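Using the supplied hints, reconstruct the complex from the two chains, each of which is provided in its own coordinate frame.
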Amino acid sequence: MNKILKIVNLKKNFGAITASNDINFCLETGEIHALIGPNGAGKSTLIKQIMGEIKQDSGEIILSGINISNFKTEDRIHLGFARSFQITDVILDFTIFQNVLLAKIGKEKTFYNFYSSLDSIEFSFEEIKSILIKIDLWDKKETAASLLSHGERRQLEIGIALALDPKLILLDEPMAGLSLDKIEKMKVIFNQIKNDVPILLIEHNMDVVFSIADRISVLVNGKIIASGSSSEIKSNLDVRKAYLGTA
Amino acid sequence: MISEKNISYISLISIFLIAIFSEYFNEPYLITLLSRIIIFSIAAIGLNLVLGFGNLISFGHAAFFGLGGYVSGILAIHAFNSELLISWPFLFNGSNNSIIIWLFTIFFCSLLALLVGVFSLRTSGVYFIMITLAFAQMLYYFAISWPSYGGEDGFSIYVRSTLFGINTMKGINFFFICFFWLLIILFITSKIVNSPFGLALRATRFNLTRVRSVGINPFRIQLLAFVLSGAITGIAGSLYVDLNRFVSPSLLSWQMSGEFIVFILIGGLGRIYGPLIGAAFFVAFEQFFGSYTEHWQIFLGIIIISTVLFAKGGIIGFMLKYQKNE
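First to last, the protein sequences are chains D and R.
Read in my numbering, the first sequence has 7 at position 7, and its numbers run on one by one without any break.
Position in the second sequence (from 1) plus 1000 gives the number in my numbering.
Isolated chain R, as found in the complex (with noise of 0.2 Å):
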């Protein structure tokens, strides 16, 4: 029996198991690729929160990740160099604990958040799109001019932040890391679609006039999910950057949006575990057809466009779809 249900647990397993094998057959490339699915599903998830259930087309959630990548960044660098970050009102040398790390991170989010949800939900449709993707070239293009920290080169970490005396340099270990992060975040966003809130940002989504009758101020419910969407896909950020042990500003460009977008619709737009399905999918043809051409993203725009046009719910759509016609 296929159930949305059913896939999203299939989908959690699996991934799961391959890592362990991966890990007992040694390889370690594997384990690599599948950490980097789970940090771009973590990514999407939080753009899918308002773009899936609120219907609000951001074209700049690269921002909330690369300004994650860049705080987690700089704190690491400065831990590592023992280089004063902050000397004023207390001495701070940054951190490499990866708690310290994430509280930052999603601090900053959720601030950055906040400032680019207020102008910009003013506007809807078109404008919405421009205005999200404005703030992200922004800070892209803030990052390359910015020297101290390396600039249109970025600037390597040499290692990973530490957790509970966790060897996080061992793959495998990286990767249980990212794959509770998973957990979390799929759990806090289930939760919060099936809550009063998460009904009022569907609501939102169709009618704003029908929402306000009720009482309810639409642009307060959408400021708040886009602020939830922010730190969720900043977390992201966070850990990509410890995976690669590499910050650049390319973690900021409008590309990395732009596949976020990308996900969300071949897995299936609005449904919670979506943007895992798309990324697990993305990843896998990029590795496939990406060893046969350096073009390959001729083929996945052949698949986007059929996404669109034949299978609207993405890969979970379509199998509930099939399943249904049997």
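The following block holds chain D by itself, in its conformation from the complex (with noise of 0.2 Å):
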């Protein structure tokens, strides 16, 4: 397997607080790989240092190769770092279509192009028609993304990731206020495209974690205490005494 990203030895002190100790990490192509932890673990200290929101002590973050430990936020994004909830929203006036076609258009910046029809571009239409068969809003494409309802709304969101073609996706709690059946909808949205760009998701319904995630990270006060699949998550006893209360 292929390493996507790949963090080594990342320490983070804040003041006389470790939130990050020691960390080693990485992300493989096809998997979905779940980073849990009890609050207060450094969670999002850790992904704010994926992202290049904050810097590290000291460490590397490898993507597919290349030390971006120093790289610019915005750097990070344009070598493929795709993130769910830094999508802020969708254009409620276009349709389902045009918000994907219109992540195309930034992709391959054509935006210059004012001379071909919409309609003549070859490249986007069986694309984007694979990307909305996966993130199963085909048969709306016509619809305004003004009418779509919350979970229809993230669906797109994950589309419009999807078209910028990222190396991998980050989804901080993508799961958050969706109903149940929803839920389930979207554990079916993730194992399809996982295969196609691996997934780091960070999420709290352990439901979720446990039956989409390839891998389970840990990590606890910083460190993380135990790495593997969810049966050997589940029976490990240091994660069960740290995080599922029970020894």
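It is possible that part of the hints are untrue.
To be verified - Covered stretches of chain R, as calculated for chain D (at least 3 residues, CB under 8 Å): (1) 1185-1198; (2) 1207-1213.
Said to hold, decoys possible - In the DMTMM-like style, the derived pairs of lysine to aspartate or glutamate whose C-alpha atoms are separated by at most 20 Å in a straight line are: (3) R:Lys1321 - D:Asp93; (4) R:Lys1005 - D:Asp119; (5) R:Lys1191 - D:Asp119; (6) R:Lys1312 - D:Asp93.
Claimed, not checked - Facing chain D, according to a computed beta carbon distance under 8 Å, are these residues of chain R, among others: (7) Pro1028; (8) Leu1030; (9) Ile1221.
In short, the hints are calculated from the structure, not lab data.
As the structure is a prediction and not an experimental result, all values here were calculated from the model.
For glycine and all other residues, C-beta sits at the position ideal for the given N, C-alpha and C.
This is the structure we're talking about:
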């Protein structure tokens, strides 16, 4: 398996508090890797360092072979980070198709093309169709985004992220506020897109994490205390003690 | 079946037919009116590109209309008087060749639009309105205080510019030139609006953060649209001066900018043919009520208020809605 994102000996202190204590971690192609941990474990600090919003004290962050430890957030986005909550909202007056098409135009840098008709741009139609099928919104492609439900809008956001052709997708609590059947739908979508783009998932809903994550890393007090498959994590004594509360 | 497309084609064809009949029944005044409608709609189509599709409320498009007029007028009057216009690095006497005049117009109006755009697009909302107005007013007062070209009184250019040996002094011939320009401009704008650039422009209207997050720089998109818009409105100014054979600072006045916005509002905001319908309505309205009272603008005010209150899509929007309800 190919390591898309690799974090090596990452350390971060805030005064006397150690937020990241020698973290080693990687995201591989084709997987959903969930990061869990109790409140205050240092999840947000880790994500912020990955995105370049705060700088690590030491250690390295490597994105498909490129050391991006000192890159600014924008440059990391250009290199292929897509983050779900970064996408503030969709363009409500555009249809679903147009929203994804706009992202595609941004990605392909064809936005100075003012002579070709939108219908004649060959690259877009098939690619957008496959994205819309993946996020299960193909039937609604001509619907205005303003008419979508909360869950569908989130599906669309993921579609927009996919259109930008990222190397990895960072999903920060994607299931928050969704109904049970929507959560089931999202699970199916995530399982489909992980083959194209690996997903780093931060999620509080343990049922979701255990059912869709290929690997789970548990962060407690700034340290990754365990990393492995759902069953390994479930049976890991340290994790049960620190996180699940029972020994 | 009323559709936007049908309304557009019908209006184009009727303008053309009315012109042919006017020629046949020897009504030169009507032909001049039709040419005016077309020129005004070209100016407003230019404005509509930024106003209707990019939601940039420019209250200074008279600057481009007037600059186009002055550039054309100055080139033509120098050619007419065989007066030197430029002595360095080469001698240039102006020109009365339409093609050359149009190229100069497009060049200078694009340049002005680039300048105005670079400054004004850093702002938005009311500030954008005010700064575009300020630029236009600057040009207006400059024109008034520039004695070489008539100052407040403007100047006459006596003959129209020439194009491929066509007798442009004949009303119907000049109408055909304007009509041809209208077709070109309509073709270009519909092309632009339905292109990737057009989609990006329409997106900037709703959500700049979203546009940025997919890697598109909204400022550049808006600036390019503003330059295209200024060039189109400039062409209209050039044709307008040729039609009247007269250049005056009133081309640059804020009332002119206001009228362009009114054409768009009446016809239908953000519709390619909206300005054409709006300008036709405006000119016809002015002719009809203007013959009864010089205070005809009172009635226009009522029309504008009712459009804004009851028919937000303008005439085209109203017709489409009426058809849906039936």
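Now the hints, each set against the structure:
1. 1185-1198: Since three or more residues must qualify, the claim that chain D covers the region 1185-1198 of chain R holds, with 7 doing so at under 8 Å.
2. 1207-1213: holds (count 5)
3. R:Lys1321 - D:Asp93: 19 Å, holds
4. R:Lys1005 - D:Asp119: Holds - the C-alpha atoms of D:Asp119 and R:Lys1005 are around 18 Å apart, at most 20 Å.
5. R:Lys1191 - D:Asp119: 11 Å, holds
6. R:Lys1312 - D:Asp93: 16 Å, holds
7. Pro1028: 39 Å, violated
8. Leu1030: 36 Å, violated
9. Ile1221: It holds, given that the least Cβ distance between R:Ile1221 and chain D is near 6 Å, below 8 Å.
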